[in-house]
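> So you can see what is in the structure, the chains are spelled out below.
Number of protein chains: 2
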Amino acid sequence: MAETIKLAHGFGGRLTQELLDELIVPALAGGGGHAPTLDAAVLPDLQPPVVVSTDAFTVTPRFFPGGDIGKLAVCGTVNDVAMMGARPRYFALSLIIEEGLPLEELRRIVASLGETARAAGVAIVTGDTKVVEAGAADGIFIVTTGFGTREFTVGPERIQPGDLILISGTIADHGAAILNARERLGFAGSLASDCAPLWELASATARAAGDRLHALRDPTRGGLAATLNEFARDTGLTFTISERALPLSPETAAFLEALGLDPLPMANEGKCLLLVSPAGAEAALSAARRDPFGKDAAVIGRVESGSGRGRVVLETAIGTRRVVEMPLEAGLPRIC
Amino acid sequence: MAETIKLAHGFGGRLTQELLDELIVPALAGGGGHAPTLDAAVLPDLQPPVVVSTDAFTVTPRFFPGGDIGKLAVCGTVNDVAMMGARPRYFALSLIIEEGLPLEELRRIVASLGETARAAGVAIVTGDTKVVEAGAADGIFIVTTGFGTREFTVGPERIQPGDLILISGTIADHGAAILNARERLGFAGSLASDCAPLWELASATARAAGDRLHALRDPTRGGLAATLNEFARDTGLTFTISERALPLSPETAAFLEALGLDPLPMANEGKCLLLVSPAGAEAALSAARRDPFGKDAAVIGRVESGSGRGRVVLETAIGTRRVVEMPLEAGLPRIC
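Order-wise, the sequence lines are chains A and B. In terms of the working numbering, the first sequence opens at residue 1 and continues consecutively. In terms of the working numbering, the second sequence opens at residue 1 and continues consecutively.
Since the hints were derived computationally from the structure, they do not count as laboratory data. Computed from a prediction, not measured in an experiment: that's the story for all the values here. Any given hint might turn out to be false.
Claimed, not checked - In silico lysine to any residue, SDA-like type, Cα no more than 25 Å apart, as pairs: (1) A:Lys6 with B:Arg107; (2) B:Lys6 with A:Asp138; (3) B:Lys6 with A:Gly135; (4) A:Lys6 with B:Gly139; (5) A:Lys6 with A:Glu325; (6) A:Lys6 with A:Glu98; (7) B:Lys6 with A:Glu104; (8) B:Lys6 with A:Ala134; (9) B:Lys6 with A:Gly100; (10) B:Lys6 with A:Phe63; (11) A:Lys6 with B:Gln17; (12) A:Lys6 with B:Arg108; (13) A:Lys6 with B:Glu104; (14) A:Lys295 with A:Pro247; (15) A:Lys6 with B:Glu133; (16) B:Lys6 with B:Gln17; (17) B:Lys6 with A:Pro61; (18) A:Lys6 with B:Arg233; (19) A:Lys295 with A:Ala253.
Unchecked claim - Examples of chain B residues lying across from chain A (beta carbon under 10 Å, computed): (20) Val25; (21) Pro26; (22) Pro48; (23) Ser94; (24) Leu113; (25) Val125; (26) Thr129.
As the list claims (entries may be wrong) - According to the in silico footprint, chain A covers these stretches of chain B (three or more CB under 8 Å from chain A): (27) 100-110; (28) 143-149; (29) 249-258.
Quick reminder that beta carbons are idealized off the backbone N, C-alpha and C, glycines included.
This is chain A alone, in the form it adopts within the complex (with noise of 0.2 Å):
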């Protein structure tokens, strides 16, 4: 391992998993017989069960077209408490923020984070504000943790051979819009953040599928090349999807082809990838596509049981078959 921290320790691929499992987790195992997992847990001992998810945001620019950090504070953790099936209901707001940030600026994000917060029927219960001096952070950092009370079960270990890979909509579009905002690189157009909060059409899918739906997940940090290998680590399945089926908007493909970008480990921030078992589809993708943020769901590869070592794979455009690795240095710093 490295000595010190490196950029890519953040990005959600290879060097974040090493640095949590081999640093982070081992040294807070153990209190209560837990262990920490990732995204999202659930609180034992509780009726209804409750599902708890924590996410630091430090985007740059704090402001981007489709969001800015307050919604995307917002929708981050809302998301990552719907994919476990839960309803998000109750949040807990921490504010670092740097001496000699404006005070309009301040307003501008905690009344995105209010619009948001209450357009997903989230209450804001608690919170805390630390200042810091000029120089000691950038801008301002928010912490979000979600609680949710959980409606259905979804879980990788409910994945099975011959599941359909479901996608919610266009991918790539919030890594390329953060991309182009901070570079300036002049795409301006259309190109635009997913950002948006995801439970309603991960319930309606649910109710649509029933216990069709083996399995939600948002790929966010990482994109689609980190969530599938997560996937694939976890089952030991594999995970094949076709280059031609991934949904892209115009002005995202025509982007990451400018600069010779891969989309699949690009973030998203309003997508989520369903897995349902073959019966389920239809039901499935008619649903997600009723909901507002889901009109271009796609079915875009199929599960198999493969050689029992997990692995994904992308069948091209042009025929051929490749293995997509988890991101190691891929994207950027700071895309959440």
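Since the structure of chain A is already known, use the hints to place chain B on it.
Using the frame of chain A, we list chain B on its own:
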């Protein structure tokens, strides 16, 4: 209001209150019909009742006599939950790490975090790790969100005229230790933070005093001055404390005297105020003194009906009385 964020917005005193009341809370209110509360909140509709608190830890230096940022990040949130009468049980953990932080330092911090959590009986159930570029944060910021199940009911609404004011031990130790370590003032010796988890002490005093224990609060940022002023504002009562009765360690007393600093607005991280009816005070005091973190517990004052406009009064060692104001720009940034 000022037009940019100032350090004093984070001191826990009047400017913090103004920022929260005028800018942050109004923007966030309304989701699910709830307005955010400070410090901690009870989540409705769950059985048993769940108390939640979130806090960001930005302390500098990250290692100091008596603790480090990892230990503090556990104790601070354990205590916010405990002060609501809830047994701390689960934690969500967010790490914001600056590129270049030595892994050895991160290892020490998470080891301390895990050890303190296990000692406090708390399970870290989920988390998030973000990395920001060198210069975009200061080493590491830690946000902990704690969940506890409520075992007894306390709150400022239960405080009555005649109640005695108890403190669980010596005051101002954390603020003094951080100031000394930060400024390299050379008062080495045994000047040390009091950083400690207080659930056992809180529950022992509650068992001993029963419903005669009316309120608990840990006087962290802004110290006794801020906490007592919050009680005064919430109740409209007068909180009178005696300077002679305030427990001070010889080291902290010498340090503060040399610098001409008032102990009242200095932070504590392992102490609580207990508001107890006279009939319960002896039982609460004995119970607190039996706890390893309560051996210097003392009665330091009483609650009076006063003029109906809440205020805090200090009876000085020379027999005069002065009003203790809510701290405005007292203290230091980044003591927690």
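> Does each hint hold? Answer for all of them.
Structure-based check of all given hints:
no. : hint                   : verdict
1   : A:Lys6 with B:Arg107   : holds (15 Å)
2   : B:Lys6 with A:Asp138   : holds (14 Å)
3   : B:Lys6 with A:Gly135   : holds (13 Å)
4   : A:Lys6 with B:Gly139   : holds (12 Å)
5   : A:Lys6 with A:Glu325   : holds (20 Å)
6   : A:Lys6 with A:Glu98    : holds (23 Å)
7   : B:Lys6 with A:Glu104   : holds (13 Å)
8   : B:Lys6 with A:Ala134   : holds (9 Å)
9   : B:Lys6 with A:Gly100   : holds (6 Å)
10  : B:Lys6 with A:Phe63    : holds (22 Å)
11  : A:Lys6 with B:Gln17    : violated (37 Å)
12  : A:Lys6 with B:Arg108   : holds (18 Å)
13  : A:Lys6 with B:Glu104   : holds (13 Å)
14  : A:Lys295 with A:Pro247 : holds (11 Å)
15  : A:Lys6 with B:Glu133   : holds (8 Å)
16  : B:Lys6 with B:Gln17    : holds (13 Å)
17  : B:Lys6 with A:Pro61    : holds (22 Å)
18  : A:Lys6 with B:Arg233   : violated (47 Å)
19  : A:Lys295 with A:Ala253 : holds (18 Å)
20  : Val25                  : holds (8 Å)
21  : Pro26                  : holds (8 Å)
22  : Pro48                  : holds (7 Å)
23  : Ser94                  : holds (5 Å)
24  : Leu113                 : holds (7 Å)
25  : Val125                 : holds (4 Å)
26  : Thr129                 : holds (7 Å)
27  : 100-110                : holds (count 8)
28  : 143-149                : holds (count 4)
29  : 249-258                : violated (count 0)
The structure is inconsistent with the numbered hints 11, 18, 29, although it conforms to all the rest.
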